[in-house]
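These protein sequence lines are chains A and B, in that order. So the first sequence is residues 1 to 299, counted in this note's numbering. So the second sequence is residues 1 to 351, counted in this note's numbering.
Keep in mind that the hints were calculated from the coordinates and are not lab data. All C-beta atoms in this analysis are idealised placements derived from N, C-alpha and C, irrespective of residue type, glycine included. One or more hints might be untrue.
Stated by the list, open to error - Rough simulated footprint, nothing fancy, chain B against chain A, three-plus residues with beta-carbon under 8 Å:
hint: 1; segment: 9-20
hint: 2; segment: 159-173
hint: 3; segment: 279-291
What the hints assert, rightly or not - With a straight-line cut-off of 25 Å between C-alpha atoms, the simulated SDA-like cross-links for lysine to any residue are:
hint: 4; chain 1: A; residue 1: LYS123; chain 2: B; residue 2: ARG252
hint: 5; chain 1: A; residue 1: LYS123; chain 2: B; residue 2: PRO101
hint: 6; chain 1: A; residue 1: LYS123; chain 2: B; residue 2: LYS171
hint: 7; chain 1: B; residue 1: LYS171; chain 2: B; residue 2: SER249
hint: 8; chain 1: B; residue 1: LYS128; chain 2: A; residue 2: ILE285
hint: 9; chain 1: B; residue 1: LYS128; chain 2: A; residue 2: LEU67
hint: 10; chain 1: B; residue 1: LYS128; chain 2: A; residue 2: LEU71
hint: 11; chain 1: A; residue 1: LYS294; chain 2: B; residue 2: VAL122
hint: 12; chain 1: B; residue 1: LYS128; chain 2: A; residue 2: VAL282
hint: 13; chain 1: B; residue 1: LYS128; chain 2: A; residue 2: GLY292
hint: 14; chain 1: A; residue 1: LYS294; chain 2: B; residue 2: ALA216
hint: 15; chain 1: A; residue 1: LYS123; chain 2: B; residue 2: SER297
hint: 16; chain 1: B; residue 1: LYS128; chain 2: A; residue 2: LYS123
hint: 17; chain 1: A; residue 1: LYS123; chain 2: B; residue 2: PHE141
hint: 18; chain 1: B; residue 1: LYS339; chain 2: A; residue 2: MET93
hint: 19; chain 1: A; residue 1: LYS123; chain 2: A; residue 2: ARG175
hint: 20; chain 1: B; residue 1: LYS128; chain 2: A; residue 2: GLU225
hint: 21; chain 1: B; residue 1: LYS341; chain 2: B; residue 2: TRP100
Claimed, not checked - What follows is a set of in silico ranges between Cβ atoms, one per label pair, in the way DEER data are often shown:
hint: 22; chain 1: A; residue 1: LEU193; chain 2: B; residue 2: LEU328; range: 19 to 29 Å
hint: 23; chain 1: A; residue 1: GLY188; chain 2: B; residue 2: ARG203; range: 45 to 55 Å
hint: 24; chain 1: B; residue 1: VAL248; chain 2: A; residue 2: PRO122; range: 17 to 27 Å
hint: 25; chain 1: B; residue 1: TRP103; chain 2: A; residue 2: ARG286; range: 41 to 51 Å
hint: 26; chain 1: B; residue 1: ASN211; chain 2: A; residue 2: ILE285; range: 41 to 51 Å
hint: 27; chain 1: A; residue 1: PRO122; chain 2: B; residue 2: ALA214; range: 13 to 23 Å
hint: 28; chain 1: B; residue 1: ILE152; chain 2: A; residue 2: PRO7; range: 31 to 41 Å
hint: 29; chain 1: B; residue 1: LEU342; chain 2: A; residue 2: LYS123; range: 29 to 39 Å
hint: 30; chain 1: B; residue 1: ILE146; chain 2: A; residue 2: ARG286; range: 53 to 63 Å
hint: 31; chain 1: B; residue 1: ASN211; chain 2: A; residue 2: ARG286; range: 19 to 29 Å
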Amino acid sequence: MDALTVPLQLILSGILVGSVYGFIAMGFVITYRSTQVFNMAYGQFAVLGAFIAWTFIGSPEAPRLPLPIALFLTLVVAILLGLVIERLFFRRMIGRPLFATFMLTLGLLAILRSVVMVAWGPKSLALAATLPKGPVNLGDIVLAKEYLWSFCLAMVATLAFAFFFRRTKLGLAMRAAYDNQVAARCLGVSAELNSQIAWAMCALIATIGGILIATVSGVSLHLSELVMLVLAVVFIGGLDSLVGCICGGLILAVGTTLTSYYLNPHLPGIATIFSMILMLLVLLIRPSGLFGTKQIERV
Amino acid sequence: MKRRGRTKTDYSQDMALIGSTQQWVILAIFLALLVILPHVLSWTHNLNWLTFINFTAITIIAVMGLNIITGMAGQVSLGHAAFIMVGGYTLAILTSNAHWPFWVALIISAIITAVIGFIVAVPAIRLKGFYLAVVTLAFFFIAQYIIRSLGITGGIHGIIGIPYPVVGGIKINTDINWYYLLLPVAIICIIFSANLSRSRTGRAFLAIRDNATAAASLGINVPLTKLRAFFIGTLFAGLAGGLWASYVSVVRLDQFTIWDSIWYLGMIIIGGGGSTAGVVMGVIFLRLISQILHVISTADWMPYLSSSIMVSLNYGVYGLVIVLFISLQPYGLISVWRKIKLNYKRWPFGT
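Bound-form chain B, shown alone:
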C-alpha cells in the first residue's frame, strides 16, 4: 500500500511551515503563478480583477492584524476600521503635507497606529468579552470625532492628492505596478503572522484566548500579552491603512465605517478564527461574493437595480453569509479544508 502524507522524523520538521520537498515545489509553482497573474489578466483585458486583487491584498493585511487581536488572542475588537483610518490619515498627512518619502512615512504611520492601539488597549484589557468590544466601538466613534475636528485632517472632506510611491525609479501608479508592490508586502505579512502563531508569543495569545486564568497560572503575563497583541495587530492595521491611502490617493471619513469593522470580524469567522490561512480564505471569500454581486447586478441580462438596492443587497448577503457560517460551520472554511485534506489522506477509510 502506498504511504500517503508526510512522515515527520524530528521536531523541527514537525514545526516547520513548509515541511517537505513536495510542499516547496507546490509553493514555488503557486508563487510563479501569482507573479505572472497580472500579465494573464491584462492579456484577457480584464483589469478590473486586478483592482479587486489589490484591494483584497490590502484587506488581507488589515484582517491579519485583526486576527492577531481577536482570532489569536481572543480580544474582540470592533474598532479595527478606526485604526486603519488612523494609519491612512497619518500617511496622508506625512506624505502630502510634510512631503516625507513613501516608505519612511509608511513605517512611521504603522508605528504611530500601533502606539495609539497600545494606548487604547491599556484601559481596555481590564475588561472582558462584550465590554471590550463596546469599548473598542466607543474608541471608533471617538477617533472619528477627533479626526473630523482636527484641522490638518481636512475635516469631513479628508485629504486628497496623496502621492504614489516611487520605487527605484518606477512610478507605482498603475494597477499592475501596485500589484507588484502589494504582493510581496502581503506575503511578508502572511509569513510573519504564520510564524507568530508558532512562536512563544503566538502560543501565549492562543492560551489567553482559550483560558486566561489557566494561562496566568502557567506564568504568562496576561495583561502584557494582551497589550502585545493589540500592538502587533494595530501595526498591521496602520500598514494596511497607509497602503490604502496611497493606493486610493484620497482619505475621507466615510471610507471607514463601523460596517467595515463588522465585515472584518465576519471574514475572520468565515475563514476560521486564529489561523492565518483561514484569514486569507475568509477575506477572499467575502470580497469575491461582493465582486460577484457587483458583476451580476451590472450584467446586461439583469433588470436595472438602483444603486441603493445594490448597496443594501451587499449588506444583506454579507449578513446572511455570516449568519449561515456561524450557525452551520462555526469553525470556518479552514476547518472544511482540513477535513477535505484528512479525508484525502485516509481514503478510502474515511473519517
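Same shape as in the complex, but just chain A:
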C-alpha cells in the first residue's frame, strides 16, 4: 500500500489541479476558435480578474456583501471588461493579418500589466476564504479541500460551456463562424457579435480561473505566469479542441507533480520548465496537438 500511496496521491492531486488548468485553457481556445486571435495577454486577463475579485471580496474597503453577490459582481465586471477591450482594440483588427493582431495582444499584455500595477500595486494580496480549506483524508492519501472545490467548480463550469456550445443556438453560431466565417455571415451570423461574445467569454473564464487559482496561491502579478501553463496546455491538447484542453491540463498537471516529486532532488527546479519541455516535445512530434485538427497545406 505504501509504494502505491505516493504516486497515487501525486496523480490525484495532479488531476485536481489539472482540471482547473484545463478549464482556464478553454478561454484561450474559445478566443482562438472564434476570432483566430492568439491571445498572449490571457494571463493578464486572469490577473485583472483576480484583483477585481479581491476588490469586491478581500480588500479592507470592500463593502460587506454576501459572497455570491460579490462573485456575481466580479463576473459582471469581467464581462464588461472583455467587451470594452474587444471594442477598443480588436474590433478594428478584424480582417487584418494575424501577426499584427498577435503583436497587438503583446501590447495589450503590457498595458494590462501596467494598469494592474498602478491600480493595485505590485504586492501580493490574499483573497479572503472563498473556498473552504483543510485537508481531506482518503485512507493514506491527503488531498486539500480547496483543490477539491476548485476541481468541482471547474468541472461544473466546463460542462456549462460545453452545453452552451453543443446545444444552444448561439454556440452553434460561434462554431459555424469558426469553420467558415464568410459562409456563417451569409447565414446571418455577424462577425462583430461573434467577436464580442468570444472576448466576453475569454474575460469571464480568465477571471473565474484567476479566482480559483488565487484562492490557493494568493493574488499577485505572478498569476500571469499562468499564461505559460495555458499555452503549454493548449498546444499539448490541440489549439482548436476543447476536449484537448481538459486532457492537456490533466496530462500537464500530473506530469508536473510527478516530475517535481521524483526529479526535483536531482535537478532542482525542473518542474518549473517541465511544461515547456513537454510542450516542445508535442510541438515537434505532433504540432497539431493530441486532439487538434491537422493543418493541411493547400498549395
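Let chain A serve as the given structure and place chain B on it in line with the hints.
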C-alpha cells in the same frame, strides 16, 4: 522646372546604398556630427545622454539581429533576449573566468550564440507563425533555467566584475571611450544589415516572409534559408550581449526578461519590419520615450511617484505606443518617412 530627386542611369546606381554625391556629402556631415557628439555633450555637462546613447547603440545591434529573423525572414522569435543573455554570459565566462582577451572573447561568444541559435532553429523551422513564436518562448524559459542551474554562470547571482576592453592601450571604461568603441561597431552592423537586404540571401529572406511556397517554387531552399536567418540574427544578438556584458560589467538573469523580447519586437513594428533604417528609427523612438518618461518623472515639478509606478508607467506607455502603431501605422515609422520624402519630391503635386 528644376529637376528634383536623383535620376538613375545604370543598375549599379539603382542598387547602391548611397547613390549620388549629394547623399555622400550628407552622410559625411552626419558622421562628423556623430563623432563630435560626445564632446558637445560633455561640454553641456549632460553625460547621462551619453549612457543612453551607448545603451541605444547596443540595442540597435541586438534588434538588427531580430530584424533579420523576424522582419526580413518572417520567423517570429520571442526568445531573442535569451540569445543576448547567452552571448553576455559567454563573454563573461570567457573574460572573467578564463581571462581571454576581449576581442577574441567577443567574437567567440557571438559565434557560440549563433551556433546555439542554429541548433534551436533546426526543430523550429518546421513550424509556422504562432507555433514558432511559442517554441522560441519555450526556449527562452529553458535557457533561463539552464543558466540558473549551471555553476559556472553563478546561478541567480550572475557574474560580476567583467573586465573592460583595452584597445591599443586606451582603457575603455568611461562612457566617452565606450561611445567611440560602440559607434563603429554599430555602424558596421547597420551597413552589414543594409547590404544583406540587398544581397541574394536577403532577397531570399524577404521571399520566404512574403510567401514561402512561392519562394520554394523559385528554387530557394526554404529550410536552409530560415536556418541562415537564425544564424545571422543570433550572431548579432550574441555580439550585442557580449558588448552589454562588458559595458555593464555585470550579467544577471533578471537583466534579460521576456519583456525585453517583446519590446524588441515592438521596436521592429514601430520602425517598420524588414528595413534597416526602420529598425534604427524604432529603437531610438522607444528608448527615447523611456528616457523622456524617466526625465519627466524625476523632474522637480512632478509629485513624487514611487518607483513601482514608474516601472509600470513604462510598461503601459510602451504597450500603448505599440498598440497605437499597429492600429494606425502598421508599416511603421519608415513608411511615414518615405511618404514625407515622396511628398517633398513631388511638391507641389502631392500624392
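Structure-based check of all given hints:
no.: 1; hint: 9-20; in the structure: violated (count 0)
no.: 2; hint: 159-173; in the structure: violated (count 0)
no.: 3; hint: 279-291; in the structure: holds (count 5)
no.: 4; hint: LYS123(A) - ARG252(B); in the structure: holds (23 Å)
no.: 5; hint: LYS123(A) - PRO101(B); in the structure: violated (44 Å)
no.: 6; hint: LYS123(A) - LYS171(B); in the structure: violated (43 Å)
no.: 7; hint: LYS171(B) - SER249(B); in the structure: holds (14 Å)
no.: 8; hint: LYS128(B) - ILE285(A); in the structure: holds (14 Å)
no.: 9; hint: LYS128(B) - LEU67(A); in the structure: violated (46 Å)
no.: 10; hint: LYS128(B) - LEU71(A); in the structure: violated (40 Å)
no.: 11; hint: LYS294(A) - VAL122(B); in the structure: holds (21 Å)
no.: 12; hint: LYS128(B) - VAL282(A); in the structure: holds (15 Å)
no.: 13; hint: LYS128(B) - GLY292(A); in the structure: holds (16 Å)
no.: 14; hint: LYS294(A) - ALA216(B); in the structure: holds (22 Å)
no.: 15; hint: LYS123(A) - SER297(B); in the structure: holds (22 Å)
no.: 16; hint: LYS128(B) - LYS123(A); in the structure: violated (38 Å)
no.: 17; hint: LYS123(A) - PHE141(B); in the structure: holds (24 Å)
no.: 18; hint: LYS339(B) - MET93(A); in the structure: holds (24 Å)
no.: 19; hint: LYS123(A) - ARG175(A); in the structure: violated (40 Å)
no.: 20; hint: LYS128(B) - GLU225(A); in the structure: holds (24 Å)
no.: 21; hint: LYS341(B) - TRP100(B); in the structure: violated (48 Å)
no.: 22; hint: LEU193(A) - LEU328(B): 19 to 29 Å; in the structure: holds (25 Å)
no.: 23; hint: GLY188(A) - ARG203(B): 45 to 55 Å; in the structure: holds (46 Å)
no.: 24; hint: VAL248(B) - PRO122(A): 17 to 27 Å; in the structure: holds (24 Å)
no.: 25; hint: TRP103(B) - ARG286(A): 41 to 51 Å; in the structure: holds (46 Å)
no.: 26; hint: ASN211(B) - ILE285(A): 41 to 51 Å; in the structure: violated (27 Å)
no.: 27; hint: PRO122(A) - ALA214(B): 13 to 23 Å; in the structure: violated (49 Å)
no.: 28; hint: ILE152(B) - PRO7(A): 31 to 41 Å; in the structure: holds (36 Å)
no.: 29; hint: LEU342(B) - LYS123(A): 29 to 39 Å; in the structure: violated (52 Å)
no.: 30; hint: ILE146(B) - ARG286(A): 53 to 63 Å; in the structure: violated (25 Å)
no.: 31; hint: ASN211(B) - ARG286(A): 19 to 29 Å; in the structure: holds (26 Å)
Violated hints, in rising order: 1, 2, 5, 6, 9, 10, 16, 19, 21, 26, 27, 29, 30; the structure is consistent with all others.
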